[in-house]
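2 protein chains.
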Amino acid sequence: MAFSEFRSLDEKSLIEYIKAEPALSSKLGSNLDDIKIKEVGDGNLNFVYIVVAPGGSFVIKQALPYIRCIGESWPMTKERAYFEALALREHGQLSPEHVPEVYHFDRTMSLIGMRYLEPPHIILRKGLIAGTEYPLLAEHISEFMARTLYFTSLLYRSTTEHKHAVAEFCGNVELCRLTEQVVFSDPYKVSQYNRCTSPYLDHDAEAVREDNVLKLEVAELKSKFCERSQALIHGDLHTGSVMVTHESTQVIDPEFAFYGPMGFDIGAFLGNLILAFFAQDGHADQVNDRKTYKEWILRTIEETWNLFHKKFIALWDEHKDGSGEAYLPAIYNNPELLRLVQKKFMEDLFHDTLGFGAAKMIRRIVGVAHVEDFESITDASKRAECERRALEMAKLLLKERRKFQAITEVVLAIQKLQS
Amino acid sequence: MAFSEFRSLDEKSLIEYIKAEPALSSKLGSNLDDIKIKEVGDGNLNFVYIVVAPGGSFVIKQALPYIRCIGESWPMTKERAYFEALALREHGQLSPEHVPEVYHFDRTMSLIGMRYLEPPHIILRKGLIAGTEYPLLAEHISEFMARTLYFTSLLYRSTTEHKHAVAEFCGNVELCRLTEQVVFSDPYKVSQYNRCTSPYLDHDAEAVREDNVLKLEVAELKSKFCERSQALIHGDLHTGSVMVTHESTQVIDPEFAFYGPMGFDIGAFLGNLILAFFAQDGHADQVNDRKTYKEWILRTIEETWNLFHKKFIALWDEHKDGSGEAYLPAIYNNPELLRLVQKKFMEDLFHDTLGFGAAKMIRRIVGVAHVEDFESITDASKRAECERRALEMAKLLLKERRKFQAITEVVLAIQKLQS
Numbered sequence: 001m002a003f004s005e006f007r008s009l010d011e012k013s014l015i016e017y018i019k020a021e022p023a024l025s026s027k028l029g030s031n032l033d034d035i036k037i038k039e040v041g042d043g044n045l046n047f048v049y050i051v052v053a054p055g056g057s058f059v060i061k062q063a064l065p066y067i068r069c070i071g072e073s074w075p076m077t078k079e080r081a082y083f084e085a086l087a088l089r090e091h092g093q094l095s096p097e098h099v100p101e102v103y104h105f106d107r108t109m110s111l112i113g114m115r116y117l118e119p120p121h122i123i124l125r126k127g128l129i130a131g132t133e134y135p136l137l138a139e140h141i142s143e144f145m146a147r148t149l150y151f152t153s154l155l156y157r158s159t160t161e162h163k164h165a166v167a168e169f170c171g172n173v174e175l176c177r178l179t180e181q182v183v184f185s186d187p188y189k190v191s192q193y194n195r196c197t198s199p200y201l202d203h204d205a206e207a208v209r210e211d212n213v214l215k216l217e218v219a220e221l222k223s224k225f226c227e228r229s230q231a232l233i234h235g236d237l238h239t240g241s242v243m244v245t246h247e248s249t250q251v252i253d254p255e256f257a258f259y260g261p262m263g264f265d266i267g268a269f270l271g272n273l274i275l276a277f278f279a280q281d282g283h284a285d286q287v288n289d290r291k292t293y294k295e296w297i298l299r300t301i302e303e304t305w306n307l308f309h310k311k312f313i314a315l316w317d318e319h320k321d322g323s324g325e326a327y328l329p330a331i332y333n334n335p336e337l338l339r340l341v342q343k344k345f346m347e348d349l350f351h352d353t354l355g356f357g358a359a360k361m362i363r364r365i366v367g368v369a370h371v372e373d374f375e376s377i378t379d380a381s382k383r384a385e386c387e388r389r390a391l392e393m394a395k396l397l398l399k400e401r402r403k404f405q406a407i408t409e410v411v412l413a414i415q416k417l418q419s
Numbered sequence: 001m002a003f004s005e006f007r008s009l010d011e012k013s014l015i016e017y018i019k020a021e022p023a024l025s026s027k028l029g030s031n032l033d034d035i036k037i038k039e040v041g042d043g044n045l046n047f048v049y050i051v052v053a054p055g056g057s058f059v060i061k062q063a064l065p066y067i068r069c070i071g072e073s074w075p076m077t078k079e080r081a082y083f084e085a086l087a088l089r090e091h092g093q094l095s096p097e098h099v100p101e102v103y104h105f106d107r108t109m110s111l112i113g114m115r116y117l118e119p120p121h122i123i124l125r126k127g128l129i130a131g132t133e134y135p136l137l138a139e140h141i142s143e144f145m146a147r148t149l150y151f152t153s154l155l156y157r158s159t160t161e162h163k164h165a166v167a168e169f170c171g172n173v174e175l176c177r178l179t180e181q182v183v184f185s186d187p188y189k190v191s192q193y194n195r196c197t198s199p200y201l202d203h204d205a206e207a208v209r210e211d212n213v214l215k216l217e218v219a220e221l222k223s224k225f226c227e228r229s230q231a232l233i234h235g236d237l238h239t240g241s242v243m244v245t246h247e248s249t250q251v252i253d254p255e256f257a258f259y260g261p262m263g264f265d266i267g268a269f270l271g272n273l274i275l276a277f278f279a280q281d282g283h284a285d286q287v288n289d290r291k292t293y294k295e296w297i298l299r300t301i302e303e304t305w306n307l308f309h310k311k312f313i314a315l316w317d318e319h320k321d322g323s324g325e326a327y328l329p330a331i332y333n334n335p336e337l338l339r340l341v342q343k344k345f346m347e348d349l350f351h352d353t354l355g356f357g358a359a360k361m362i363r364r365i366v367g368v369a370h371v372e373d374f375e376s377i378t379d380a381s382k383r384a385e386c387e388r389r390a391l392e393m394a395k396l397l398l399k400e401r402r403k404f405q406a407i408t409e410v411v412l413a414i415q416k417l418q419s
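Just so you know, the sequences run in chain order H and X. If you count by the working numbering, then the first sequence holds residues 1 to 419, one letter each, in order. If you count by the working numbering, then the second sequence holds residues 1 to 419, one letter each, in order.
Just so you know, the hints here were simulated from the structure itself, not pulled from any lab data. Warning: the hint list may mix true and false statements.
For chains that are exact copies, the list does not tell them apart, and a pair is met inside one copy or across any two.
BS3-like cross-link-like pairs, simulated, lysine-lysine; straight-line CA separation at most 25 Å [said to hold, decoys possible]:
| hint | residue 1 | residue 2 |
| --- | --- | --- |
| 1 | K344 | K224 |
| 2 | K189 | K344 |
| 3 | K126 | K38 |
| 4 | K12 | K27 |
| 5 | K189 | K343 |
| 6 | K224 | K403 |
| 7 | K189 | K320 |
| 8 | K399 | K416 |
Turn these sequences into a full structure, and let the hints guide you.
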């Protein structure tokens, strides 16, 4: 360990730290005199440094005891780095092609050293704003979700393994509470941190706060989020937690990980794609009307769910005689019954996904943390128009999710709501 | 501590233990030469000793590392005594009038010393078999359930308190697994431990194992049991875990306690009352046709749910502006909305209750551990007739539970099925 107690690093002290830590310094080759360090500076919560030397590179992520984008006035345990490292390693084992390798974790320093996702990797959200198609995105992200969710659930695990892991991740309670507040609570009440594209959306935000049916539905989802330990979920799987190139899809930032409902991850991803869709009209110009791109987003929404469904069921079928304790082979021992329970499971998961996805959309429009998809639309009235359509879609999904039977119906509803 | 490592006690070594343990010996007064010890001998899992001296009394319960009624061939962690003591103390704080006081807990010895529930206290199940009415039973048990379930849920607790407690009780995993096996799995497959009143019920037991809809429904309940940490539940709240007199109702034996779905406790109690109802025809004789008593059981079923409902909602109303994080007052801030969420919550809980109650009934008829209500009917063909009606009721409840809107409808269905 390079330092015996926690201190927040800067570019200078980080070099010192790296030189004292063989697990890191060895990644840079023999010449440590020419280390270049750049703080990325766009993290909501943490400090992230890119470290490059002639012989190699990595990323350093340090958690400070507060939320970076708010400041020291919003304290937040730096122990989140421990759960992030734990989840990164578990995700990395389950889906190595879509998770950066962890080289080093220092609990005292709340510091993770991991693979640098070199250019042309960019944050997926930025790619969506730029209008870039990623032909393998649905294939990759559905693979990541199917594997991480299936293998950490009772479909694969024994009760003993499951309860042990659940107990460990109960320690990540501060991050769970943050989600409860910003996703399930703040948007539905007056809160100092809420904002919206004012004055255009003032009435829309007020309507959310006064919608009894919406509040009833969001309470059910919040209960599921707080009480249902279905699988190890990433906990923050929006399009800002995914880095992409045309060939590569990498999931980062699982510091909100805990045992929660699977639909929260799938919904986060799909909900943020729907936000990206409704933001496109704000990015359209004379050169590119974004119509083709919008079609691609809709196709990606559809394919992500369908591929997830296919891969998840394939894993279930493959391991149905394994040690998972949810559906014992001696009971669920005929093909007809297995289809029946799988159908029921996937229907429930689909409705959870739509509900959580909708809740994640709403909070990005009337809650504290907005998304660059909309924020980068400089014309406020145009932005408000885009956001309003997304908000209407989200409200529809949250209230009527149980009526949707297939992802194609969701895509149709999105198309109906567009300009 | 009287002994430095675990040893299984007998009546002689227990006296030695008591004399060395001031928390116990002080309860017996000054004269320790005349201690009388009697092993109760009817526990499924543990050894239970009644200790009486001229100056006082208590009960000693020791967990051995196997299941007593099966033998050493079915090992079971003796750490269950730790969770039993923890739950007894928590229940005792929340509902002191209905839980015996814990005087002493010794983790090394897996030993609990607690209040002796002196005669005329008897196990409720035995009272039901004898046909004894307990006029305060519904009032008391609904009070116990409402208070222990409400105050350990997120309706009253903060997320931080909740996750901490959930993590601790994850340690009771072996007992959870036992329930999973005997309630949700074994009755639905061929298992060496299953038995039924043969040959009369052989086909009925086979029909359970081949009923796809039943297996689909029981899978949903099992998932809830394994994944949903709604409140600290007793985990085994049948009529054998309650001791009664005409004035007193005491809940004992919470060694299966963990954070699970509330409906599992309420269902266990109501389901066992329904079993008691259907067993009455087997206890009827020329002197007593049990008709009046059956009416009393049905009234008690109805009153238990209705009083539970009333008390639970009263606690919710009383503490709605407290620190519970499920329904923040700033969001659920109008009476109409509060009624709406309470109605939804209680409807879901009612359906959970019926489902879990039904599962608990089924396992007592075709699973490993049967109930004295039926076992004490010596005429096997008469017993089978009673059990068959109970089984039909349970299957109806499990499959159609969502169609029941009120407890009166359940009572009507029970009446319809009786001879």
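For each hint, the structure was consulted:
1. K344 with K224: So K344 and K224 pass the 25 Å test inside a copy (17 Å) and across (14 Å) alike.
2. K189 with K344: between (34 Å within a copy, 21 Å between copies)
3. K126 with K38: This pair counts as within: shortest intra-copy Cα distance 20 Å, inter-copy 75 Å.
4. K12 with K27: within (19 Å within a copy, 67 Å between copies)
5. K189 with K343: between (37 Å within a copy, 22 Å between copies)
6. K224 with K403: both (19 Å within a copy, 23 Å between copies)
7. K189 with K320: Intra 45 Å, inter 16 Å, cutoff 25 Å: inter-copy only.
8. K399 with K416: within (17 Å within a copy, 38 Å between copies)
Of the numbered hints listed earlier, not one is contradicted by the structure.
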